[in-house]
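Numbering-wise (our numbering), the sequence shown opens with residue 1 and increments by one.
Hints are computed from structural coordinates only; laboratory data are not their basis. It should be emphasised that the depicted structure is a prediction, and the values quoted were computed from it without experimental measurement. Any given hint could turn out to be false.
Said to hold, decoys possible - Each pair of labels, with its calculated beta carbon distance range:
no.: 1; residue 1: Gly179; residue 2: Gly263; range: 43 to 53 angstroms
no.: 2; residue 1: Gly195; residue 2: Gln38; range: 20 to 30 angstroms
no.: 3; residue 1: Gly150; residue 2: His272; range: 21 to 31 angstroms
no.: 4; residue 1: Asp246; residue 2: Glu114; range: 33 to 43 angstroms
Positions of the beta carbon are idealized from the N, C-alpha and C atoms, including for glycine.
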Amino acid sequence: METRTTGVYRERAERRRRTRGTGEARGDGWQRTEEDEQLLRLATRYSTLTLHQAAYACWGGRIEAARRRVRLMVEAGLLHRSADLRWARTVMWPTERGSRIAGTGLSAPRPPGERLLHRLAVADTGITLEAGGYAVLSEREIHAAEAVPGRAAELLTALRVPGVPAGAPRGETLAVPVGARAVHWPDLVAVPPGGRPLVAVEVELTPKPTAALRTILRAYRHAQRRTVYLGTAPVLRQLQGGPAADGRWVDGVAQDIGLLPPGGPDPGAGGHFRVRAFTAVDPAVALRAHHAARR
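The task is simple: from the sequences and hints, build the whole structure.
This is the structure we're talking about:
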């Protein structure tokens, strides 16, 4: 038998679905909080988040609190939600309406597709860096900034990044040139606290074809861009090598290009190039990345 409380809840939920209130006005049936708006911004900037990532970034890791607020925003037409992939559990991305309310200047992202794991891994890295005090530009923000002449330089100047190039060709302030006409876009651009040089962040879960990787690494070396690669075990081995059966170190592509010293792994001090193991705040993303690397 339905209780009075359950009936009231269902009535309110149906009203939210019917009116699609944004949580701003009386009568919406709910009120948008600062955490809700933060989630809308993150989901718009990073395209897709898991419920676990949303809880970590906006509700101090409280999954049930995140679940309740996400349900409200789905009913209000601000978020899409899917649980179609068992390994990812609940994922969400903003609607057009939610993206407008987020106020980032970005349109709604495309629904997640075949590259969902990479999208979630990059989002996980971005929100972790932000929690550590870094200012982060997502790939969507990088493209949007480079599309407007001078906008990328303005953003970096506002973040007190030293040595921002004036009048750089379109696509070459946050990206790096590859050949005469192409550029390579990093997954993220991170600015450490304290007005230090920007860092290009690459998240690689499976090894790239060696020729393609060499082209990208040469572009970073030529641009003298500070770069961090976050990868699974096979990616780390491709980048920085590993011990052979006789114990001798076999160098990787980064040593061949001259980005790391030969004869061992990334020493972790000095230089512009870093290699680190990929980790994730969402255990499901970490586990899936491990499985993808094994395949």
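Comparing the hints with the structure gives:
Look at Gly179 against Gly263: about 31 angstroms separates their beta carbons, and that is not inside 43 to 53 angstroms. The hint said 20 to 30 angstroms for the Cβ distance between Gly195 and Gln38, and at roughly 24 angstroms that hint holds. A hinted range of 21 to 31 angstroms holds for the C-beta pair Gly150 and His272, which are about 25 angstroms apart. Between Asp246 and Glu114 the Cβ separation comes to about 40 angstroms, which falls inside the hinted range of 33 to 43 angstroms.
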